[in-house]
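Number of protein chains: 2
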Amino acid sequence: MPEYREIPGAVTAPRGFKAAAVHCGIKQQAEDLALIVSDCPAAAAATVTTNTFRAAPTFVTQEAVSNGIAQVIVANSGCANAATGEQGMSDARTMARLAAEATGVAAEDVIVCSTGIIGRRLPMDKVAEGIKQAAQRLTYEGGEAAARGIMTTDTAPKLVAVEFEVAGVTCRLGGICKGAGMICPQMATMLCFLTTDAAIEAPLLRSALLAAVEHSFNCITVDGDMSTNDTVAILANAQAGNRPLAAADDEGYFAFRQALDFVTQTLAKKIAADGEGCSKFIEIVVTGAQSWEQARMVGRAVANYNLFKTAIYGGDFNWGRIAAALGSSKVPVDPAAVTIRLQGITAWQGRPVELDMKECRSALEGRQVSVEIDLGLGQATARVWTCDLTPDYVHSNAAYEVPESQGD
Amino acid sequence: MPEYREIPGAVTAPRGFKAAAVHCGIKQQAEDLALIVSDCPAAAAATVTTNTFRAAPTFVTQEAVSNGIAQVIVANSGCANAATGEQGMSDARTMARLAAEATGVAAEDVIVCSTGIIGRRLPMDKVAEGIKQAAQRLTYEGGEAAARGIMTTDTAPKLVAVEFEVAGVTCRLGGICKGAGMICPQMATMLCFLTTDAAIEAPLLRSALLAAVEHSFNCITVDGDMSTNDTVAILANAQAGNRPLAAADDEGYFAFRQALDFVTQTLAKKIAADGEGCSKFIEIVVTGAQSWEQARMVGRAVANYNLFKTAIYGGDFNWGRIAAALGSSKVPVDPAAVTIRLQGITAWQGRPVELDMKECRSALEGRQVSVEIDLGLGQATARVWTCDLTPDYVHSNAAYEVPESQGD
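From first to last, the protein sequence lines are chains A and B.
Quick note, the first sequence lines up with residues 1 to 408 if you use my numbering.
Quick note, the second sequence lines up with residues 1 to 408 if you use my numbering.
The following block holds chain A by itself, in its conformation from the complex (with noise of 0.2 angstroms):
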């Protein structure tokens, strides 16, 4: 039985966080700069992307992460400063410093992330004032304003929030993200900020982050398509006024850990469920794996198989483009071992089914799409999930003539 809550609100709902977002015209319209600010220095771990052309601000966001303590993390769509060698770092430590003088914090406490065009400048002076103006309009209300203030090509806010206990002390955990995938879409990328008011040090926190994430936006994906500035920050301001968590037998760490969990797959789901141009939502579940790492290898494979993601698209029974999905993974599968089930039905066992073409089309009418593969090799379980490819996805993704309000 969870041992969480879930509550109204998002970055601002555990005590003691400030947000807000302005426009400051990097995109022609809508906002484009979001501040989540921290009464209080917190305990602070951030994991980024692993791409080789990453972002500059990624490497500023380490920086304020290595010692395990932030304040502030500051975030801008519409422009990734991304490939934009010497000039990006200095314009992202440009932004940790406005940003730090901004709310009265130290620079090196600072969190900055970008999103949006690969290759092109900040425009810094927008940038500035964006950064005045945000910080003047904090409130303990901002958590969805900032949900907002991040959004590029996202069709809604994506936020969530939990209420749970540590040792008899009630904590508060919420989380903001963006799509449209782990993975980006409209050269856009996936970034999630999460917030705590629970009390818990450095080092267990960055332990916690990095299992949730591997079992969150870890599992998810868009086109396949690696991002250069995928960030994943979270703060922890001791507010709740819970006795520190220390080490992971810590009375308390395991709800954290299952409230940490809820919150970035819930987060990770809706980026899944609202990647471009998605017209269905899947979810793979993978079990008799060795391990939860090779169930993972077969469901990532099979989320990115882009055949299988148009037949979704087309509603079509396609099951034997799940197999060969499966098959094009590095798992050593044997067919004869396998079961492949497509909305609860049986395609594949060892051996075809005898399907009833009837149910099979009407099967895929709704907007969610289950697949279950059982691989016969082990005991272990994963979960990815991913969104249909749709003509929608290659239109919004080829053209110049895209809004800068919407694509970046």
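Don't take each hint at face value.
What the hints assert, rightly or not - Sample of chain B residues facing chain A (criterion: CB under 7 angstroms; computed from the structure):
hint, residue
1, 51
2, 52
3, 83
4, 320
5, 351
6, 394
7, 397
Treat the hints as calculated values from the structure; they're not laboratory data.
Remember, it's a predicted structure, so these values are computed and weren't measured experimentally.
All residues carry an ideal CB built from backbone N, CA and C; glycine is no exception.
Once you have looked at the hints, place chain B on chain A.
Leaving out everything else, chain B in the frame of chain A:
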């Protein structure tokens, strides 16, 4: 200087090979069964997909060439005979036996290939009738008919033939293939059949084939989706009368390898240029790598990056997506040492290069796209070929409504 010259024809351009194709009703219309027959037993080699869900005929083909000798190739389109279990294995063996009976050879000398929808049984009565008819229509001019007989969603038959000298003796090498990928579009698959009248011993033929495939078909991608049926097979029937090639330093082996590389790379590029929905052919040249494998890894990462392919479709000079794609490969590049050119225009040279946006916009108007990436790590070079990702790709792979005569 190449030691071969292109000649008309295909798999019947070499001496002592007959071919034919017929419509036997696996598809609603269009030819769906092809036969290629050598006048005498030929040295033979084949390489098939590594997909763990690979089709029954790929097992039969491996058995057929295991002793280095084969004489007949029988192939059908419209049904892949993949994910068909024991029944599929039995059907593939029956296909070999029927082709052997119709052509008067031993069943173990028949290479069997299928392409089309996965998970459905072959209509064996139609296949039997088709094989009988095709055997009656075999001619020494049937190479192009065979190329048409293996087409699925290809827009044109793919064929090529060359002539070259082995120690003063003129030999010929011809090939046909169907696409549209290393990698399956429309549940189809890549098949390539090569014939030569050069005399060459089977072990050397096999090593020449593996090397040629590595630099041709294993350097193309349409959608990143590995197929269940990919097969490349070659028959060398020694009808040219040259002294048999047996070792890599034999006189004339270099000319044979050059001819084989030209034929396989020509066919591979035809597949990439005719990828499903393709509107542009893309060549990616990666230089400055530590090894050819490393160079190809980077080329493949770019060639499979959906966002790069959609940008090319849109004529969008979005070089940042090339940076993001190469950064996502597992190769540890240093951006400061990298150069990226799109259509000959340098966009990144260790840092961003100032671009003339007018020039960039018009650069992508043609049907051919050139990407050059210098990794700055070493001296090795690789070439990878692909095509753009278009709405037509999604449409033609989404629907039940695809006419059976095209889609399989």
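Handout entry: Numbered hints the structure breaks, given as an ascending list
Key = The structure conflicts with no hint, since it agrees with every one listed earlier.
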